[in-house]
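Protein chains: 2
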Amino acid sequence: MKDLAELMNYRESVRVVDATLRDGGLVNDFFFTDDFVRALYRANLAAGVDYMEVGYRASKTMFNPADFGPWKFSDDEKIRQTIGEPDPALKLSVMADVGRCDYETDIRPKSESPVSLVRVATYLHQMPTAIKMIEDAKSKGYEVSCNIMAISAVQEADLRIALAMLAQSPVDTVYIVDSFGALYPEATERLMAVYRDTVAAAGKGIGMHAHNNQQLAFANTIEAVATGADWLDGTYDGMGRGAGNCPMEHLLGFLRNPKYKLYPVVQFVEKYMEPLRASGITWGPSLAYLLTGIFNQHPRAAIAYTKAGRSDICSFFNEISGQD
Amino acid sequence: MKDLAELMNYRESVRVVDATLRDGGLVNDFFFTDDFVRALYRANLAAGVDYMEVGYRASKTMFNPADFGPWKFSDDEKIRQTIGEPDPALKLSVMADVGRCDYETDIRPKSESPVSLVRVATYLHQMPTAIKMIEDAKSKGYEVSCNIMAISAVQEADLRIALAMLAQSPVDTVYIVDSFGALYPEATERLMAVYRDTVAAAGKGIGMHAHNNQQLAFANTIEAVATGADWLDGTYDGMGRGAGNCPMEHLLGFLRNPKYKLYPVVQFVEKYMEPLRASGITWGPSLAYLLTGIFNQHPRAAIAYTKAGRSDICSFFNEISGQD
Numbered sequence: 537m538k539d540l541a542e543l544m545n546y547r548e549s550v551r552v553v554d555a556t557l558r559d560g561g562l563v564n565d566f567f568f569t570d571d572f573v574r575a576l577y578r579a580n581l582a583a584g585v586d587y588m589e590v591g592y593r594a595s596k597t598m599f600n601p602a603d604f605g606p607w608k609f610s611d612d613e614k615i616r617q618t619i620g621e622p623d624p625a626l627k628l629s630v631m632a633d634v635g636r637c638d639y640e641t642d643i644r645p646k647s648e649s650p651v652s653l654v655r656v657a658t659y660l661h662q663m664p665t666a667i668k669m670i671e672d673a674k675s676k677g678y679e680v681s682c683n684i685m686a687i688s689a690v691q692e693a694d695l696r697i698a699l700a701m702l703a704q705s706p707v708d709t710v711y712i713v714d715s716f717g718a719l720y721p722e723a724t725e726r727l728m729a730v731y732r733d734t735v736a737a738a739g740k741g742i743g744m745h746a747h748n749n750q751q752l753a754f755a756n757t758i759e760a761v762a763t764g765a766d767w768l769d770g771t772y773d774g775m776g777r778g779a780g781n782c783p784m785e786h787l788l789g790f791l792r793n794p795k796y797k798l799y800p801v802v803q804f805v806e807k808y809m810e811p812l813r814a815s816g817i818t819w820g821p822s823l824a825y826l827l828t829g830i831f832n833q834h835p836r837a838a839i840a841y842t843k844a845g846r847s848d849i850c851s852f853f854n855e856i857s858g859q860d
Numbered sequence: 537m538k539d540l541a542e543l544m545n546y547r548e549s550v551r552v553v554d555a556t557l558r559d560g561g562l563v564n565d566f567f568f569t570d571d572f573v574r575a576l577y578r579a580n581l582a583a584g585v586d587y588m589e590v591g592y593r594a595s596k597t598m599f600n601p602a603d604f605g606p607w608k609f610s611d612d613e614k615i616r617q618t619i620g621e622p623d624p625a626l627k628l629s630v631m632a633d634v635g636r637c638d639y640e641t642d643i644r645p646k647s648e649s650p651v652s653l654v655r656v657a658t659y660l661h662q663m664p665t666a667i668k669m670i671e672d673a674k675s676k677g678y679e680v681s682c683n684i685m686a687i688s689a690v691q692e693a694d695l696r697i698a699l700a701m702l703a704q705s706p707v708d709t710v711y712i713v714d715s716f717g718a719l720y721p722e723a724t725e726r727l728m729a730v731y732r733d734t735v736a737a738a739g740k741g742i743g744m745h746a747h748n749n750q751q752l753a754f755a756n757t758i759e760a761v762a763t764g765a766d767w768l769d770g771t772y773d774g775m776g777r778g779a780g781n782c783p784m785e786h787l788l789g790f791l792r793n794p795k796y797k798l799y800p801v802v803q804f805v806e807k808y809m810e811p812l813r814a815s816g817i818t819w820g821p822s823l824a825y826l827l828t829g830i831f832n833q834h835p836r837a838a839i840a841y842t843k844a845g846r847s848d849i850c851s852f853f854n855e856i857s858g859q860d
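So the sequence lines, in the order shown, correspond to chains R and Y. Numbering of the first sequence is given in our numbering, commencing with residue 537 and proceeding in unit increments. Numbering of the second sequence is given in our numbering, commencing with residue 537 and proceeding in unit increments.
Just chain R, same shape as in the assembly:
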């Protein structure tokens, strides 16, 4: 029987991370208003969410700040100016992509930053650089996670080698990131067994970041927490790239720790997410995203299909099923 299987009790060690600004920012190029960000912080605080990811810490030499909203870069100054000093009950995180972050200079010592957690996002083959970034952030005083993207497309033998490297590293938590939304809950259960054997056995936490191509983001997150994952990502109204993420309102409706409250999430969705959708910003499950999920492909083809306003889904099926 799985842990949490009684569906009634809870594990104190579970942490919920709101990734709305970061993964949702991929949908609107991070153009969230300061009012939105402040209200989101207050909603998360009221809802008992543990961490709020404010965005990426992207390189300003690689990306032109004029092309993006501020949360592509998430400067410490911008965070302080918008949110102020964070409440100890709701810590902040930023995501640092391997190869797209000037981490040596742009991540300053924790003592000078409102950020508590640096999440290093990496593809499996970039692991040596990811570990260098993990060591850098750890030495500067941060909590650090490693978020392994596109996990449904990696070989288990390679994954085990990478996880053994992470087990030796100072990283605190290692995530399953189902970038393609291709995992079924049983595949999540299998991956969890591999993570438990390796990084959890070395004292690291396990995290789950799911995408909703097959409407399985919530189901995979439930499966992960029931089989030992303590770090769970959600976003308000599921906002995130392509088919989006595990919706925060589903997740907090499921978790039984009394500190989690659903109502502030519903309030925020009514007041802030519905207008965002009404303004024309688009995300969430669709037949096109389902197909890239089933075919275990990056959602970029489905994103392009959606942006172009296409509805010839049979042609799309033939296009992507004909790809290698």
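These are computed hints drawn from the structure, not numbers from a lab.
Since copy identity is lost for identical chains, a pair holds within one copy or between any two.
Result set (DSSO-like, lysine-lysine): computed pairs, CA atoms no more than 30 Å apart in a straight line:
#: 1; residue 1: K797; residue 2: K843
#: 2; residue 1: K807; residue 2: K843
#: 3; residue 1: K614; residue 2: K807
#: 4; residue 1: K596; residue 2: K614
#: 5; residue 1: K797; residue 2: K807
#: 6; residue 1: K646; residue 2: K627
From a predicted model like this one, the values you see are computed outputs, not experimental measurements.
Since the structure of chain R is provided, determine the placement of chain Y on it from the hints.
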């Protein structure tokens, strides 16, 4: 390890039932055109679907035929006129609701009907009448299932008594019907264990009919098939009451039996379901349906909220959380 857990092989005994006309008919009062019905039959045949439910066999003394499309009643004559004699590869079913079907007269001997399967839909407390209907349909030569509705709101002790009665009856298959969309996959797994102990032990099949309030209809269907359910309901584009059902395109994208084909489903969705949505017919997951699912309530409040075009979801939250 679960059966089907390798996610690669398949079980010959699995049967897929398309419930689009029947559960989807609850959304548009069964006003499907003959062209839609014929094209759906052809799509199911091409997709390898095993059964197509054409609608209810509702009482014409209780419901006025002028108020509904023909698939509320699914007369044998109307079926023959629209579909003709069914192909042996794609059998037809009708649903007969306990207390809303003149089954003695309206269900004729199988030898006179194009229908193969009668599905008796019942609430738990109506089980004696359901068994009378099961015996009637069985004696007339049909395959018969019993679909136990609102399963998330019944006591396990009561359920075991009802399942013991069904084990003694001539019913072929007993369904879990998650009318409220309130089950989590682990709750499905528990129910499956109860069904295996009782009706499966007596040689009956187990079926799963899921609703999508929490975006778990597909996940619960996967869970059910992996733990022994052979009868799986799906609908095109998830069309069904309220939050809708397990989408057929998700289900056939998952099942590995080579006879199942995804492309005809995608074709039908493009050609027939998208125009239906565009015409203003509404179904599918939303925050209102999520809330009735979390609160384990009938979706009727959320249906009314949706029909009224309301967007004051916080007020709705207070309304339904204040109900007994």
